[in-house]
Amino acid sequence: QQQVKQSPQSLIVQKGGIPIINCAYENTAFDYFPWYQQFPGKGPALLIAIRPDVSEKKEGRFTISFNKSAKQFSLHIMDSQPGDSATYFCAANRNTGKLIFGQGTTLQVKP
Amino acid sequence: DTGVSQNPRHKITKRGQNVTFRCDPISEHNRLYWYRQTLGQGPEFLTYFQNEAQLEKSRLLSDRFSAERPKGSFSTLEIQRTEQGDSAMYLCASSLGGVDTQYFGPGTRLTVL
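Chains as they are written, first to last, in the working numbering: chain A, 1 to 111; chain B, 112 to 224.
Isolated chain A, as found in the complex (with noise of 0.2 Å):
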């Protein structure tokens, strides 16, 4: 049963758009929704996290914002670079710390 779905599987975006990567759960019991950037032959390595007592957080140029009654989350990118060309992947946990991935999203920013 996939607990986490991402939307979409890939992305393509100029320099300095704003890219937006949609996340929805269904258990409720999740407290912990971290996202997570991935290079090619590379470990996931954390971008941002949120837990559902906020609405929306921001660090840098990356933005997640969180609706807890429609169990939903995105990532939003400002300013768009090269650099950020990457797979995206949100995830989810409860106290447990196992946690459950989306399928991911392959974002190309083009210069």
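These are calculated hints, taken from the structure and not from any lab test. C-beta atoms are modelled at their ideal positions from N, C-alpha and C, and glycine is treated no differently. Be aware that a few hints might be false.
As the list claims (entries may be wrong) - Listed next, with one range per pair, are the computed distances between beta-carbon atoms:
#1 A:PRO8 <-> B:THR212: 22 to 28 Å
#2 A:ILE12 <-> B:GLN128: 40 to 46 Å
#3 A:LYS58 <-> B:SER173: 19 to 25 Å
#4 A:GLY83 <-> B:GLY183: 47 to 53 Å
Please arrange chain B on chain A, whose structure you already have, making use of the hints.
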């Protein structure tokens, strides 16, 4: 570099052979996780340890898979009688606690011929 190291980085083996991977977590982290990632998919949880105790195993972890963390430091993941379907990237992560950031290593890419 997150401070989590994995060895080897790549492993090619023939079907039926046994393989073992090693993960060295960030030294003060008491939690260690193993995930498997196939091409085009997100990582899937396999198992995790708190110190030396293995607290949870996924249904993905068949009886051919075994993981250990003997002294609460490094961990090994062994796959016996490998199958072609075992070909994947095996990722290790560590954290200070259950809800803390998980830091991933670079992974071990396994290819079963």
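Handout entry: Satisfaction of the hinted span 22 to 28 Å by the C-beta atoms belonging to A:PRO8 and B:THR212
Key = holds (26 Å)
Problem - A:ILE12 versus B:GLN128 beta-carbon gap, inside 40 to 46 Å or not - result: holds (41 Å)
Practice task
Kindly confirm whether 19 to 25 Å is satisfied by the beta carbon distance between A:LYS58 and B:SER173.
Solution key: Given about 43 Å between the Cβ atoms, the range is violated.
Handout entry: 47 to 53 Å as the expected CB spacing between B:GLY183 and A:GLY83, which holds or is violated
Key = violated (38 Å)
In this structure, the earlier hints numbered 3 and 4 are contradicted, and the remaining ones agree with it.
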